[in-house]
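Residue numbers (my numbering), protein chains in the order written: chain A, 134 to 571; chain B, 134 to 571; chain C, 134 to 571.
Bear in mind the hints are in silico, worked out from the structure with no lab data behind them.
Fair warning: this is a prediction, and the values are worked out from it, not measured in the lab.
Some hints could be false.
The list cannot tell twin chains apart, which means a pair is met if one copy fits it or any two copies do.
Think about it this way: if two alpha-carbon atoms lie no more than 25 Å apart in a straight line, the pair counts; the simulated PhoX-like pairs of lysine-lysine are [claimed, not checked]: (1) K397 - K387; (2) K323 - K212; (3) K318 - K229; (4) K195 - K252; (5) K382 - K397; (6) K138 - K193; (7) K382 - K318; (8) K180 - K229; (9) K176 - K371; (10) K307 - K252; (11) K278 - K198; (12) K397 - K497; (13) K198 - K214; (14) K318 - K212; (15) K288 - K338; (16) K371 - K397; (17) K338 - K317; (18) K490 - K252; (19) K288 - K412.
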Amino acid sequence: MKDIKVLILGGGDSTRYWPLGDKLFMTYLGRPLLYYRLNQLYKNGFKNIYLIAGSHNLDKYKLFKNKFPEFSFNIIIQKDKRGMAGAVLSAEDSIKNSPLLIIKPSDLFEDSLFSHFLKSAKTEDIILTGFTSQNYFPGGYLTVKDGYLQHIVEKPDKDNLPSSMTRLVFDYFKDSSLFLNYLKKARSTKDDLYEVALENMAKDKHKLYVLNYSGFWGQLQYPWNALNISSYYLSKIKNYKGQNVQIAKGAVLKGNVYLEDGVKILENSKIIGPTYIGKNTLIGNNVIIRDSMIGDNCIIGFTTEITRSLIGNNNWFHTNYIGDSIMSDNIALGAGAVIANFRLDESEIYSSVGHQKLNTNKIKLGAAIGENTRIGVNSSIMPGIKIGKNCVIGSGLVISRDINDYNSCFLKPDLQIQENKNASKTKSRENLKTALKF
Amino acid sequence: MKDIKVLILGGGDSTRYWPLGDKLFMTYLGRPLLYYRLNQLYKNGFKNIYLIAGSHNLDKYKLFKNKFPEFSFNIIIQKDKRGMAGAVLSAEDSIKNSPLLIIKPSDLFEDSLFSHFLKSAKTEDIILTGFTSQNYFPGGYLTVKDGYLQHIVEKPDKDNLPSSMTRLVFDYFKDSSLFLNYLKKARSTKDDLYEVALENMAKDKHKLYVLNYSGFWGQLQYPWNALNISSYYLSKIKNYKGQNVQIAKGAVLKGNVYLEDGVKILENSKIIGPTYIGKNTLIGNNVIIRDSMIGDNCIIGFTTEITRSLIGNNNWFHTNYIGDSIMSDNIALGAGAVIANFRLDESEIYSSVGHQKLNTNKIKLGAAIGENTRIGVNSSIMPGIKIGKNCVIGSGLVISRDINDYNSCFLKPDLQIQENKNASKTKSRENLKTALKF
Amino acid sequence: MKDIKVLILGGGDSTRYWPLGDKLFMTYLGRPLLYYRLNQLYKNGFKNIYLIAGSHNLDKYKLFKNKFPEFSFNIIIQKDKRGMAGAVLSAEDSIKNSPLLIIKPSDLFEDSLFSHFLKSAKTEDIILTGFTSQNYFPGGYLTVKDGYLQHIVEKPDKDNLPSSMTRLVFDYFKDSSLFLNYLKKARSTKDDLYEVALENMAKDKHKLYVLNYSGFWGQLQYPWNALNISSYYLSKIKNYKGQNVQIAKGAVLKGNVYLEDGVKILENSKIIGPTYIGKNTLIGNNVIIRDSMIGDNCIIGFTTEITRSLIGNNNWFHTNYIGDSIMSDNIALGAGAVIANFRLDESEIYSSVGHQKLNTNKIKLGAAIGENTRIGVNSSIMPGIKIGKNCVIGSGLVISRDINDYNSCFLKPDLQIQENKNASKTKSRENLKTALKF
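With the hints as constraints, model all of the structure from the sequences given.
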């Protein structure tokens, strides 16, 4: 195990994850996702780690290394741009002639996958990993016979799936050079050289054992996937109160609630677990938060409701409803702004990614909002909408289309202003007051 | 008394009651209005009951009969379509040669009317009923001399009323056949054959005694009339808690509050009586409800306020204000939607019925909303508006006209989207936070 | 001291203070501003008071005299319309041949100015008053040498200030007739005869001592200045509960809170001091008020938040956010209306006065609203906006320009109404309910 080199394919650019920035550095329970991936490898005994970086995220990896010196790993720049195959070939010098485990950094799985893998690695030289699912998944599909790979099909047609076994990138090669050779010889007009190499290996009668994994698999491609990851980590928390936590009289905590240092919860607010609140975040009066992760230094102001959401750092809310949403850092919402999470026709929510309109398979989904964005008072954001970073959304708007980074959005109201001839009709309000009951 | 046949004119089609469905089956305190009318007849000893049905509501009456077997009554289909006269004539075979009491099912009155009637019936062979009122009423008016009818005028001109005595349909004929004969001979070009028959009887020197009723009279023609009926029944309730009622700490109940089985009231909510909450309805956090009837299985979500309203079953609210409104079943309102109940010019609220614009004589009146309708987040419904069943009202709208059944309503916002050049000006929020006081 | 005549230049018309009415009669802690000015003079021994009135406010001064008989002062109508000079000359007969102190009624200063003045008056025959400030001030500037006036410049160019000493109108002349003579001889094409007279006195080698005042100076020109005055008076209050004050269980008071007679605070509301609540005002459920002055007979309804605002009498709010705003009397806001107080670009807030766009130097500023105005449900008023008296602002609007007195403002929504074909797709909500957690 100690001699297995782990190659993390971290050169992707999170395009499909827009507007949320780099998915590996989004924080869960106060730590970036990458922390958890490395920690899991360490905990399971894999410390010989090579991380592929792109030029766009190299600096972030370096910063991470400085911040978390407990992990030692080598950063390799992906020079060969040809997708996963290019990533592996970019690392050739470091990983050749060695046992090799290849993973994608944004695929979450449980420790049980390691223990099953280690058992299989005693007898198998090549191991791929499959996951049986009835839901369509826009990735690879495996057909298997007697435990070994027959065919691998990348992104098959939704109506013509070769099997119900999708592919999780957790690939082991006892002899990395064998795979490297296949990679070099692979040819394709599509972005599937890696899969072509595997297919060729199977065709050449190499035995590619397919490990059937059945635990939690958190795939992180689209912004809304982050909610699944958040739920997964929330399911692990316990009740906890850090230093200098203040909870006012009349505030109610229920279920597992994890409060970091300096959290302040004001009167008549209710936190329903599992919920995590980051450092120095203030929960104002009459707030309700359920099943959510809130970052550091947020102000969750008067009468805000947050449900099943993942909220970054330094966000500022104020009499808002936020349902099933994902927010980056440094976002502010004006009073009365609503992030709607449920269509009026109660059907599944679609979201545009590139030129595609994807079914999120969710009937409850709010918005994904990039960093530094401001939303005006009484504005309404429709379910499944994505708003870029550094945007300004005016007041009183209904946003039902995605808004790109660095855009502002206002409505020129066609107001009809005229003389108010009825002013003198205004009546005494004393009768009205008498009718009030409290 | 036992030999008096009661004829209930239940063939009307509730057209003026749109969008609320059939007024006899709207529930108050968990039971349909028809239940109360039959129960009152039974309680006062009248069990020989004939109910006129139309083809449009025949099935509903049959269902009712099955559901409430404690009442036995005969259903007669109205074959003669000529209004009230046609209704009575359709029942001729069942009611001829008998003492006969004719009532309308949607006119509510108190038991005292029965006791006064029974006293008068000892000496009088024909009894009509009048109600003295200073307010205009779009129905019949009576002129009376020495206690007996002189003339009956159907829907007189508002500015030329023959008297201040309006007519409540509670008509007794010791010999029904006499009245049936007059009905058959009556001729008119308008829908007033019944009244013409009465006028002709008076002309022929029959003595039609006019009983002067002065108790509560609940007329149910227009949707907003249901609020009066609701108030009447609410005035009768006592404090009550059914089985499995849960009331969280910090919730406040004041006045007469009737909670059916399974009601759950969460923290910091306040219920001000007289208020009735139906079975298994959930009152969320920080909700306020006053002077209202709420049906079964509703979710009254976070920070909703409901005032003087009649709310059906299976409704779902969420941070809404609902004032002086009537809602059918299975309605949902998005967060921030407001049902306004008070004009900005504080004048009386008008409502369109057919081609007429009627003065509701109310300065506080919200909306009437039909079943299965959805209203989007931050939408505003103006006072006196009616929204049909199965409608979808989009988000951020202002609805100031009635919306027909099965309509959707959206606003195409003319958004001005442009590059946000000010993004870099965003300042640190640390100073702002320091200024916060809690 | 007893022989000093005090001349209050009260003939101004508060034009720049629109839409808030007459600034001298706006109430703070239950009393009009003029009360405080007179009270301060009395307390410091100045009881020989002459008040210049214009024809537009003469009646108000007379009413004030009747209401506060504890102050005796003479009202003089300003016949000479030439600004401050005309005001003084209009009073010539009353003030000639006497020690004279001239002040403006809307300039607030502390008692320390009187004590410093009295000390200086022992040796100096003419005293002006300066205030050193780094901020630009649209008034007079003084250059001083050895304690005496060299030059006075009225409204210098912002980029070419003659000094950092601005002029506070607190002018003493031991011999009023000397100054009256200079006033009569002064000539100018601008509205600065008063300052020209002072400049000429200095030129003629009269010694005009300049007292350097450094305490609180509340200048009251524009509506937003009233917030500074309000803060000043709030800083003086102590905890106090008047007669018949009711505070419900679960309500929280923090800091110095002054509650006048008859105030009622309902459940789960929070008042954060310094805050003043006027007579018989009702604070509804779940309200939060901080750092504010609220007038008499207001209804602050369910879930309203008021921050750093000055609110007049008889106002009616209801689920509103009101930040850094100034409101006259008899104003009503519909549910969900928001008075925004912070620009989305977080920059300083400008406000139009006449043809000028002024920088208020505030990054948090709401609206100024005149008396008798109504604002509809879910409307949004942008930062720094002014709305006149007797206006009607419709529902669901975004108001980003000033609205003149007696104007109504509505939006004709371009609704798209069509048949709702999806109605039948409405699903059972039972699954949704099961997923709810509370």
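* Asked: Are the CA atoms of K371 and K397 at most 25 Å apart within a copy, between copies, both, or neither?
  -> within (18 Å within a copy, 27 Å between copies)
* How would you classify K138 and K193 at a CA-CA limit of 25 Å: within, between, both, or neither? -> within (22 Å within a copy, 74 Å between copies)
* To do: Please work out whether the CA atoms of K180 and K229 approach to 25 Å or closer within one copy, between two copies, in both situations, or in neither?
  => Classified as within; 17 Å inside a copy, 97 Å across copies.
* To do: Could you figure out if K198 and K214 sit no more than 25 Å apart (CA to CA) within one copy, between two copies, both or neither?
  => within (24 Å within a copy, 76 Å between copies)
* Intra/inter-copy verdict for K397 and K387 if alpha-carbon distance must be at most 25 Å -> So K397 and K387 pass the 25 Å test inside a copy (16 Å) and across (16 Å) alike.
* To do: Classify it for me, K338 with K317: is the Cα-Cα distance of at most 25 Å met within a copy, between copies, both or neither?
  => Within one copy only: 18 Å inside, 99 Å across.
* To do: Evaluate K307 and K252 at a C-alpha cut-off of 25 Å and name the case that applies: within, between, both or neither.
  => Cα proximity of K307 and K252: one copy only (14 Å, versus 97 Å across).
* At 25 Å max between alpha carbons, let me know whether K288 reaches K412 within a copy, between copies, both or neither. => neither (42 Å within a copy, 50 Å between copies)
* Are the CA atoms of K318 and K229 at most 25 Å apart within a copy, between copies, both, or neither? -> within (16 Å within a copy, 102 Å between copies)
* To do: State whether the alpha carbon distance between K176 and K371 is at most 25 Å within one copy, between copies, both, or neither.
  => Classified as within: same-chain Cα gap 21 Å, cross-chain 60 Å, threshold 25 Å.
* **25 Å Cα threshold - placement of K338 relative to K288** => Within. Shortest intra-copy distance 24 Å satisfies the 25 Å Cα cut-off; inter-copy 93 Å does not.
* **Identical-chain pair category, K382 with K318, by Cα at 25 Å** => neither (69 Å within a copy, 71 Å between copies)
Violated hints, in rising order: 4, 7, 11, 18, 19; the structure is consistent with all others.
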